[in-house]
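Trainee: Sequence:
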Amino acid sequence: MADKDGDKIYNDIVEEILNKAKEKWLNGQTKVMEMIPLNE
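Mapping the sequence shown onto the numbering used here, position 18 (from 1) lands on 21, and the numbers just tick up by one.
It is possible that some hints are incorrect.
Stated by the list, open to error - No farther apart than 30 Å at their CA atoms in a straight line, the calculated lysine-lysine pairs in the DSSO-like style are these:
| no. | residue 1 | residue 2 |
| --- | --- | --- |
| 1 | Lys11 | Lys23 |
| 2 | Lys27 | Lys11 |
| 3 | Lys34 | Lys11 |
| 4 | Lys34 | Lys23 |
| 5 | Lys11 | Lys25 |
| 6 | Lys25 | Lys7 |
Source of the hints: derived by calculation from the structure; they are not laboratory data.
Full structure from sequences and hints, please.
Mentor: Right, here's the structure in full:
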């Protein structure tokens, strides 16, 4: 059981990191999209 709990905590942490990374990436993409018209 301890191993399963450890895995769940690990998975939750990984999921949180991935979600934050995805959010940052999407924010970055949005900023790039906003910048493109200004550069044209």
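Trainee: What hints, given by number in increasing order, does this structure fail?
Mentor: Number 3 - this is the single hint that the structure violates.
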